[in-house]
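Undergrad: Sequence:
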Amino acid sequence: MAPTFLEATAVKVTTLKEQNQPHTISLHLEFLRRTQEGPATLVVRDVKLGRQTSTIHVALSQDDREEVVGYLTHSNIPTETGPSLNTLWSLHPSPLPPPTNFAALLAEGENGGWVEQKDKPFAKFRKVSNRVRNFLPRDGTVAPGLVDQWACFESGETFTNEGIGFLADYFPSVVDVLWRRENGGERPPAFWYPTVTLNLDVKKALPPEGVKWLFVRARSKRIQNGRMDLEAVIFDETGEVVALSHHVVLIVSAERNMAARRTGQTKI
Numbered sequence: 001m002a003p004t005f006l007e008a009t010a011v012k013v014t015t016l017k018e019q020n021q022p023h024t025i026s027l028h029l030e031f032l033r034r035t036q037e038g039p040a041t042l043v044v045r046d047v048k049l050g051r052q053t054s055t056i057h058v059a060l061s062q063d064d065r066e067e068v069v070g071y072l073t074h075s076n077i078p079t080e081t082g083p084s085l086n087t088l089w090s091l092h093p094s095p096l097p098p099p100t101n102f103a104a105l106l107a108e109g110e111n112g113g114w115v116e117q118k119d120k121p122f123a124k125f126r127k128v129s130n131r132v133r134n135f136l137p138r139d140g141t142v143a144p145g146l147v148d149q150w151a152c153f154e155s156g157e158t159f160t161n162e163g164i165g166f167l168a169d170y171f172p173s174v175v176d177v178l179w180r181r182e183n184g185g186e187r188p189p190a191f192w193y194p195t196v197t198l199n200l201d202v203k204k205a206l207p208p209e210g211v212k213w214l215f216v217r218a219r220s221k222r223i224q225n226g227r228m229d230l231e232a233v234i235f236d237e238t239g240e241v242v243a244l245s246h247h248v249v250l251i252v253s254a255e256r257n258m259a260a261r262r263t264g265q266t267k268i
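The opening residue of the sequence shown carries number 1 in full-length UniProt numbering; numbering runs sequentially from there.
For the record, the hints were derived by calculation from the structure and aren't laboratory data.
These numbers were taken from a predicted model, which means no experiment stands behind them.
For every residue, glycine included, the Cβ atom is placed at its ideal position computed from N, Cα and C.
A portion of the hints provided could be inaccurate.
[To be verified] Think about it this way: if two alpha-carbon atoms lie no more than 30 Å apart in a straight line, the pair counts; the simulated DSS-like pairs of lysine-lysine are:
1. K221 / K203
2. K48 / K12
3. K212 / K12
4. K17 / K204
5. K118 / K212
[Unchecked claim] Taking CB as the label site, the calculated pair distances span:
6. A190 / H92: 31 to 37 Å
7. N101 / A190: 34 to 40 Å
8. V11 / T81: 41 to 47 Å
Use the sequences and the hints to build the structure in full.
TA: Here is the structure:
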């Protein structure tokens, strides 16, 4: 869903020549109702136009139901000015070293300590998983409650600035990893993970041609009564932070997602 909003505002800002702010630097989405496959209408309007940043509101509707709303802030990342300070922050625990040969990883499905995830849980239900190749630590996660991955598109296309939103909302399930850990390797039931809110903070603009590979660490700090937090940190091959994403997510039976709507205003 996030890429749809990013692409919508990317088109919108081309009409705002005076601002010259092509890059989304922050995104906030509220998921009001369940979406479905099929056509959707997006209403895009500028809320605030400024010299340094501009804010755009986007509302997505299907069958006259407003389902997702968002605010996106745009700027021009290469022309931003102001202090830059080294916080000395890094991932903890440290991830495995990156693959030594990404071409071999792609061709052979493994390289160094990384191996392709072939057994994707409920891939038929989560169709989007068929679009991406995920490579996970061969010996499992480096700590409970988190998942590290290197990812690329199955089609060979690259991740663009709009594609950051896709990867911010797609990664191997932390719930799956924890469930197997606590249940002797048993696969969890088919869950649906409806997002309540999603926030994205973009730190670095990708090159116009995009990049082939991105690294993501997804982590949950507390999973309680069917609700969890999720943090996703996205890096490029050089080890620079590209974006940070934070989610509030529910955990419910997958049957809820496949059930027929009861009314035109059905909520999650």
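Undergrad: Does each hint fit the structure? Answer for all of them.
TA: Here is what the structure says about each hint:
As the CA atoms of K221 and K203 are separated by approximately 23 Å, the hinted pair is consistent with the 30 Å bound. For the proposed pair K48 and K12, the alpha carbon gap of about 13 Å is at most 30 Å, so the pair holds. About 26 Å separates the Cα atoms of K212 and K12, which keeps this hinted pair within 30 Å; it holds. Using a Cα cut-off of 30 Å, the hinted pair K17 and K204 holds, with the two alpha carbons roughly 22 Å apart.
This hinted pair checks out: K118 and K212 have alpha carbons roughly 20 Å apart, not beyond 30 Å. Separation of A190 from H92 is about 33 Å and conforms to the stated range, judged on CB atoms against 31 to 37 Å. Distance hint check: the CB atoms of N101 and A190 are about 36 Å apart, consistent with the given range 34 to 40 Å. Taken as a hint, the range 41 to 47 Å is violated for the pair V11 and T81, whose Cβ atoms sit roughly 27 Å apart.
Hint 8 from the earlier list is the only one contradicted by this structure; the remaining hints agree with it.
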